[in-house]
Amino acid sequence: MRAGGGEAALPSKQAGAPGGSGRLRFASGTRFAASYPMSIAPSTTADRGGPAQPLLLVQDLQKHFPIKGGIFGATVATVRAVDGVSFAVRKGETLGIVGESGCGKSTTARLLMQLMAPDAGHLVFDGEGVGEHAQTGGMSLKDYRRQVQMVFQDSYASLNPRLPIEDSIAFAPKVHGVSDAEARARAREMLAAVGLAPATFARRYPHELSGGQRQRVNIARALALQPRLVLLDEPVSALDKSVEAQVLNLLVDLKEKFGLTYLFISHDLNVVQYISDRVLVMYLGEVAEMGPVDAIYDRPAHPYTQALLASRPAMDPGKRRMEPPLTGDPPNPINPPSGCRFRTRCPHAEAVCADRKPIAADLGEGHLAACHMAAPGSGHSRAGRLAA
Amino acid sequence: MSEVLERSAVASTVVPLVKMRDVGVRFVTRDRTVNAVNGVDVDLAAGEVLCILGESGSGKSVTMRALMRLLPRFAQVTGRIEVGGRDVMAMNEGQLQDFRGGDVAMIFQEPMTALDPVFTVGRQIAETVQRHEGISRSAADARALELLELVQIPSAKRRLAAYPHELSGGLRQRAMIAVALACKPKLLLADEPTTALDATVQIQVLLLLRRLQEQMGMGVIFVTHDLGVAGEIADRVAVMYAGKVVEEGPVEALMRGPLHPYPRGLLGATVHPGMRGKRLTTIPGAPPSLETAPTTCPFQPRCAEAEPACSTEIGPAPRRPVPGRMARCVKVPAAG
Numbered sequence: 001m002r003a004g005g006g007e008a009a010l011p012s013k014q015a016g017a018p019g020g021s022g023r024l025r026f027a028s029g030t031r032f033a034a035s036y037p038m039s040i041a042p043s044t045t046a047d048r049g050g051p052a053q054p055l056l057l058v059q060d061l062q063k064h065f066p067i068k069g070g071i072f073g074a075t076v077a078t079v080r081a082v083d084g085v086s087f088a089v090r091k092g093e094t095l096g097i098v099g100e101s102g103c104g105k106s107t108t109a110r111l112l113m114q115l116m117a118p119d120a121g122h123l124v125f126d127g128e129g130v131g132e133h134a135q136t137g138g139m140s141l142k143d144y145r146r147q148v149q150m151v152f153q154d155s156y157a158s159l160n161p162r163l164p165i166e167d168s169i170a171f172a173p174k175v176h177g178v179s180d181a182e183a184r185a186r187a188r189e190m191l192a193a194v195g196l197a198p199a200t201f202a203r204r205y206p207h208e209l210s211g212g213q214r215q216r217v218n219i220a221r222a223l224a225l226q227p228r229l230v231l232l233d234e235p236v237s238a239l240d241k242s243v244e245a246q247v248l249n250l251l252v253d254l255k256e257k258f259g260l261t262y263l264f265i266s267h268d269l270n271v272v273q274y275i276s277d278r279v280l281v282m283y284l285g286e287v288a289e290m291g292p293v294d295a296i297y298d299r300p301a302h303p304y305t306q307a308l309l310a311s312r313p314a315m316d317p318g319k320r321r322m323e324p325p326l327t328g329d330p331p332n333p334i335n336p337p338s339g340c341r342f343r344t345r346c347p348h349a350e351a352v353c354a355d356r357k358p359i360a361a362d363l364g365e366g367h368l369a370a371c372h373m374a375a376p377g378s379g380h381s382r383a384g385r386l387a388a
Numbered sequence: 001m002s003e004v005l006e007r008s009a010v011a012s013t014v015v016p017l018v019k020m021r022d023v024g025v026r027f028v029t030r031d032r033t034v035n036a037v038n039g040v041d042v043d044l045a046a047g048e049v050l051c052i053l054g055e056s057g058s059g060k061s062v063t064m065r066a067l068m069r070l071l072p073r074f075a076q077v078t079g080r081i082e083v084g085g086r087d088v089m090a091m092n093e094g095q096l097q098d099f100r101g102g103d104v105a106m107i108f109q110e111p112m113t114a115l116d117p118v119f120t121v122g123r124q125i126a127e128t129v130q131r132h133e134g135i136s137r138s139a140a141d142a143r144a145l146e147l148l149e150l151v152q153i154p155s156a157k158r159r160l161a162a163y164p165h166e167l168s169g170g171l172r173q174r175a176m177i178a179v180a181l182a183c184k185p186k187l188l189l190a191d192e193p194t195t196a197l198d199a200t201v202q203i204q205v206l207l208l209l210r211r212l213q214e215q216m217g218m219g220v221i222f223v224t225h226d227l228g229v230a231g232e233i234a235d236r237v238a239v240m241y242a243g244k245v246v247e248e249g250p251v252e253a254l255m256r257g258p259l260h261p262y263p264r265g266l267l268g269a270t271v272h273p274g275m276r277g278k279r280l281t282t283i284p285g286a287p288p289s290l291e292t293a294p295t296t297c298p299f300q301p302r303c304a305e306a307e308p309a310c311s312t313e314i315g316p317a318p319r320r321p322v323p324g325r326m327a328r329c330v331k332v333p334a335a336g
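Here the protein sequences come in this chain order: A and B.
Taking this note's numbering, the leading residue of the first sequence gets 1, the next gets one more, and so forth.
Taking this note's numbering, the leading residue of the second sequence gets 1, the next gets one more, and so forth.
Keep in mind the hints are simulated off the structure, nothing from the lab.
Watch out, some of these pointers could steer you wrong.
What the hints assert, rightly or not - Straight-line distance between alpha carbons at most 35 Å, and here's what the computed DSBU-like set of lysine-lysine pairs gives:
1) A:K68 with B:K186
2) A:K319 with B:K331
3) A:K357 with B:K278
4) B:K186 with B:K157
To be verified - Covered stretches of chain B, going by a simulated chain A footprint (3 or more residues, C-beta under 8 Å):
5) 19 to 30
6) 167 to 176
7) 200 to 207
8) 226 to 233
9) 269 to 277
We put the CB at the ideal spot given by N, CA and C, even for glycine.
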């Protein structure tokens, strides 16, 4: 059961996005809270905002890392890892985030998990401001983390090597007040759910498992708190192809079984296309393009998305490429180019691209592209053609 | 005997560039024994690109290192390895030093660990040239500049004085290719050179390697786990499983219709565009541990099409249903 077909956009009486953020490029709220399947299995925590309320609303998220230098440790430069990212994760969907290394996709995941504090930006989880006071309609970080869990790329580094996997899985429920016996019972149940026989595996240590099995343990651990949103940061990138397919199938099954919402981060365009309902393309800390998966893959509007898709190796030796779609590496996020950050590698760059940052142009059905060519009247000579 | 004759008919060259026969590698330590490679035959004609495709632990990288005699001392290597008609197994240390970098060069997945961090890129290239060709330092420096231009590093002159950490991932990989090509090797071994790169950079490096291979007429053995990469660069593909080559053939034919169930499963498990909403086919189970060398078909425990003959036939013996294609599976007809 997949969400986000794009039909029947419910008129969303969107919970007023807590104001304050001036430059909502991808003003999420109303535009994104569109369709969503009505048969979501009830999670432990009741759905508060209703189906039209996005599960997670991200507004103007920003994280800059200072680079210190000199004798006095003055800030000499800033890595603009995530620079004003806004989007919404709808209930029951899988939102894929793609981009090259250094584009800020993993930093985004860590900010969403609140593993590091953002410099600016708001998170609204099912209508409640994350980390805000309960009296002002907020939810505590502890409550938030109970409902949002994460699976990391490195399956070995993310498990405690000294704990049997059963204890690793039971750890978080115990922190949240579940009794030891119940937490263990739940851990075994979760192991069974991810396809690892509890009798065989529960008392094993991480080093006694293969990479695919360890990643299943990580998934089980993430699900042990019965979360509503799971952040998957490159969950299959370190796995062999045959194991990757097993884990992807498992993720699809678990989503249906537990009524989960996924945020799936990957650099693998084929995997993202397979698993996602909507896709967000990041470039140098900003959102380049976002929309339903078919719109992004069939009608990419941003030149970066086009190049990224054209860079996929052809599975057919008869269709080999002769020229690379892009030259050069992604520029350094320390001093990103002015205006449009992609302009230094873009074949269509014009003066306007250096002068002004493109505003996301709406191409319909929630398909947005931050490119001057997609925005009519932007001053770019090719403007409007793609939007038509 | 007949096997050799058949193969030379396919390769159609007098002396193949690489000829490996029944190569085996065993790692023996106090704790355990791993039979990493179990009877591999590889032929490569001059100017040909062979992709060795396999998952982690299939023995693909170990095969390459055996070819260059780069394995540690506790590795027991058996079989015959010839490069350009010379017996690699019989070479002494001095001959090996001339051989490595001169006749054969290798590029690796992680250029940051393959390049020396305390020398500039230019120096590392020039050093290789000086060592093998005995030319003056200034002549070697000039060659280094030529090579950086050859691998399309922008503002090459400035980059000569750069240390590896000052370059981006893509440029570093190009610099490593420049070091490898410094002495115009006849054979280039590439061990997952594009795996750590971003998509837009990976395709650039693949196209660069293909162009250089055509220009210089090198033979290339390219190890990868990525079917798409093989499709982009290979002439022929050899699929390895549990230290054996289970199937080999021209890239188009193999990608269109693999004969062996393992590459068939691998192809089905690889996510292609247009598979949305469909369930991915998987290969159940995991590869064998290789503590003992497999005698019968190593894929049989995971194979959906296994039959009693699979666990009795030793090998299994290679089948060649069509010229140029080989599969080690009892269900493939012996000859067409």
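Consistency of the hints with the structure:
no. : hint               : verdict
1   : A:K68 with B:K186  : violated (48 Å)
2   : A:K319 with B:K331 : holds (31 Å)
3   : A:K357 with B:K278 : violated (40 Å)
4   : B:K186 with B:K157 : holds (27 Å)
5   : 19 to 30           : violated (count 0)
6   : 167 to 176         : holds (count 4)
7   : 200 to 207         : holds (count 7)
8   : 226 to 233         : holds (count 6)
9   : 269 to 277         : holds (count 8)
In summary, the numbered hints that this structure violates are 1, 3 and 5.
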